[in-house]
Amino acid sequence: MSSKQLSQAQVMQTDGTSLNWEGGTTRRSAQSRLLRDNKVRVGGLILALLCLAAIAAPWIAPADPIAQQLTNKLHPPAWESRGSWSHPLGTDEYGRDVLSRVIYGGRISLVIGLFATVGAAIFGVFVGLISGYYSGRVDSVIMRIVDIQMAFPTVILAMAVIAALGSTMSRLILVLAISNWVLFARIVRADVLSVKNREYVEAGRAVGATEWRLLSRYIAPNVVGSVTVVATLTIATTIVVAASLSFLGLGVPPPTASWGGMLADGRDFLGLAWWIATFPGLALMITVIAINLLGDALRDVLDPRLAAAG
Amino acid sequence: MQRYIVVRLFQGVIVLFGVTVVTFILVQLTGNPVMAYLGADATPDAVEQMREQLGLNSPIYVQYGRYLERLAHGDFGVSAVYDQPALPLITERLPATLELALAALFVNFLWSFPLGVLSAIKRDSLLDRLTAVFVFGSQAMPVFWSGILAILIFAVKLHWFPTSGSGGIRHLVMPAFILGTHTAAYQTRLLRSSMLDILDQDFIRTARAKGVGERSVVIRHALRNSLMTLTTVTGVQFAALMSGAVVTEAVFVWPGVGSIAAQAIQNADISLVMAATFVFAVIVWCLNLIVDLSYVLIDPRVKLTS
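Quick note, the sequences are listed as chains P and X, same order. Each residue of the first sequence is one higher than the last, beginning at 15 in my numbering. Each residue of the second sequence is one higher than the last, beginning at 3 in my numbering.
These are calculated hints, taken from the structure and not from any lab test. Ideal Cβ placement from N, Cα and C applies to all residues, glycine included. Please note that a few of the clues may not be correct.
Said to hold, decoys possible - Some chain P residues close to chain X (C-beta under 7 Å, calculated; not the full set): (1) F140; (2) I170; (3) A204; (4) V254; (5) S258.
Let the hints inform the model, and build the full structure from the sequences given.
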C-alpha cells in the first residue's frame, strides 16, 4: 500500500465519516490493515482452532461426552497424581470425560452464538433501515418498541420466555436473537440517518432510482462496517448469556454438554474436584477473548466512529 | 424544559404498558391453565365450565384489561410453590438485591473511574495498556465463572470469606466485587473514550492556553463534561447489574430477587417468574427515566433546546 493510500484512509478516519465500501482503494487498505493486525492474527487463529475443534468433535474427542462411567467418577486431570491420560482433563461426578464435554460444549456455544447473532442482525438491520429511512411516525413507533425491549435486561427477558415456553436449542437461539435485534436496529438507524440526506443519495433519487434501490444500493452498503463490528461483539456476549442461562438451568437440557451447565454441575464439587468447573470456564474465557480481539480490530478498521464511542 | 419532562414521562408510560403486554403474552404462552387445574382427562363440560370461570372465553383485550386491573392491585397470582401471593415474595427480597447491586456499583466506580480517566490522560502508557488488559479480561470472565473461581480460592482454599449466603459485610464482599468488576469493563472503556474525545476539544486547548493547571483542566473542564456520558452509562449499567445480579445471586446463594427467580424457573412457578420479570423491568424503566430527567440538571443544552 502506498503512503498516499494510507493517508487517505487515515483522513477518512479522523474526519469521523464511515469508510466507504464502494471505494476500492479503501477496501484494499482496510483488508491489508486487518491482516497485519496482531489482534486479528491471534484472535483469528484461536477462533479458527475452536471452530475446527467444534466441527471435528466426533473425531478428536477422546470419549463419548454423555457416556457415564460410574466406576470412573471424579478422576483428576492427567498431570495430577491420581490422573491418567485416558481422561486428560479428568472426569466429572458421573464419570464423563471432561475434555470431550468441553469440546462438545464448544460446539453448542458456537452454534448458538452464531445463529442467534445472525438472526438478530437480519431482523435488526431490516428494522433499522426502515426506521432510519422513513423516519416520522414509523420511526417513533419502532423506537418505542426498542425502548420497551430495552426495559428488560437480556437475561431476565430470556428467563421469562424460556420459563414460559420451556427450553430447547432452537428456542434458546430464538430468544437470544429477540434480545439482541435492538442493538442492530439502533446502530443501523443512526447510520442511515447520517447518510440519507447526503448528495449522492439525492443524486440517485434525481436520476430516478426506486426507493428499494436507494435503500439497498445507496444506503445499505454504509451500514456494513458497523453491523460487522456489532455482530462480532454480539457473538461473544450471546455465548456468555447462553452459558449464563445454562448455568441457571435454562439452557440446552442435560445430558447434552454445555459450558454453562458444566460450570453449574462443577460448582457443587469445588472443594473435591476443581477441574469440573475450571476447564469449561477457561474454554469460555478463551473463546470470548478471541472473538473480542477480532471485534476490536474490526472496529478500529471498519468503523472508526464506533471506536471513538467505546 | 417542562415539555421535555412531559414528553419523557409520557414515553415512559407507553414503555410501561409495553412491559405489561409482554408479560401478558408470556403468561398466555405458558400453556393451557385449564388443563393444569383439571388434568388431561377432564370432561369437555368441566373444561368449558372452568374456561368460563377463569374468564378465558372473553375476547383477548378483555382478558388483558382484567390482567391490567389485577396488576394495578398488585395481584400477580399465587406462587404455585410457596402458595402465597407472588408479588410480596419478590418485594420482600428486593432490598437484598438492591444492596448487592449498589455495592457492586460502588466497586464498579472504584475500578472504572480511576482507570478510565487515567488511561485517557496517559494514553498509550503502560497504565493504558494494563487497563486494556483489565477490560478484556473482565469482559471475558462472566460472573458465574469468576464467582466460582473466587469461591474456590478465597472461600474453599483460603477461608477468607464465607462460600455463600448473606449476613454482614463479609458475605457481601465477594459477590459485590465479582459483579462490580465484571460490569466495570464497559464503563471504564466508555469513560476513557469519552475523556479522550473531550480532551481533544477546543475549549480544553483554550483552558490550557489560558494557563489553567493540568489538574484543573482534567477535573473541572474534562471530567465535568464526561458526566453526561457517565450518567447514561450508569443507567444502562444498572440494567446489566440487574441481569448480573440474577446470576451472581445464584452463584453465591444470595437471598435476593434473582435467586428466587432462578428457583421459580426451575420449578415452573410462572406467577413468581412473571412478578420477578415485571419488578426487574420496572426498576430498569425507573432508572432510565431518572437518567433521562437528570440530563436537565447536568446538561444546560437540554434546557435550552426544548
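The hints, checked one at a time:
no., hint, result
1, F140, "violated, 20 Å"
2, I170, "holds, 5 Å"
3, A204, "violated, 15 Å"
4, V254, "holds, 5 Å"
5, S258, "holds, 5 Å"
The structure is inconsistent with the numbered hints 1, 3, although it conforms to all the rest.
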